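Taking the hints into account, I'd like the entire structure generated from these sequences.
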Amino acid sequence: MAQIHLHESETYRERLPAVCMACGQPASDHIRKNFSWCPPWVGILILAGALPYIIVASIMTKRMLVEVPVCDRHRGYFWKRNLLMWLPLLFIGLAGIGLGIALDAVGNKDLVGFACVASALAFLVWLIIALIIQAMMIKPTEITERTISLKCVHDDFAGAMRDMQDDYERGRRRRRYDDDDDYDDRPRRPRPRADDDEAPRRRDDRTDIRPERDFE
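Yeah, the sequence shown ends on 221 if you go by my numbering, and it's all consecutive.
Check before you lean on any hint, since a few could be wrong.
With a Cα cut of at most 20 Å, we get these calculated PhoX-like pairs of lysine-lysine [said to hold, decoys possible]: (1) 144 with 67; (2) 67 with 156; (3) 85 with 144; (4) 85 with 38; (5) 38 with 67; (6) 38 with 156; (7) 144 with 38; (8) 67 with 85; (9) 156 with 85.
Hints were generated in silico from the structure; no laboratory data involved. Note that the coordinates shown come from a computational prediction; the quantities given were computed from them, not determined experimentally.
See the structure below:
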């Protein structure tokens, strides 16, 4: 698996190669995926309480929409993996609550404690599985105002994307060069200076009219 860096202008299907981002096969469709990312240090604020964490996380979270190219097999790539992560957690929570209520109604305190321990172990197993799925899933490693970095993309897609970026950059430079050729860049010849420009101007005595003095 590879990592790619995309500019905001490269998140549209016209600027992405027709290669499945998940498996590298020819793409047949695009998924409009709104990726979100939050700086890792925000997670430390959970130690200060849920409210500070939620406030800071909502402020620092950045999002960017990407039209992800996928093949027929991976059209449900994101929602299936999200379902695989969150559905077991919902089942564990409901099962633990239901089992605890049932055992409490029976009056067996020992079994209630056992149910709590079993629910905690099941939650730990779910957490490990969810982290593994997250680590193997296409997700952003950083989102800025203009760029997004994605990890766990297929090597074939990453190679095709880099080739497409290089071709676009060469085309942009070629267009810039062609535009420059439309203008005459030859320096203009300086205007020849007149002979009298170099010599200081001499005062014309004929125009030097002085007032006549009156003699008495």
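Hint numbers the structure violates, sorted upward?
Per hint list: single violation, 8.
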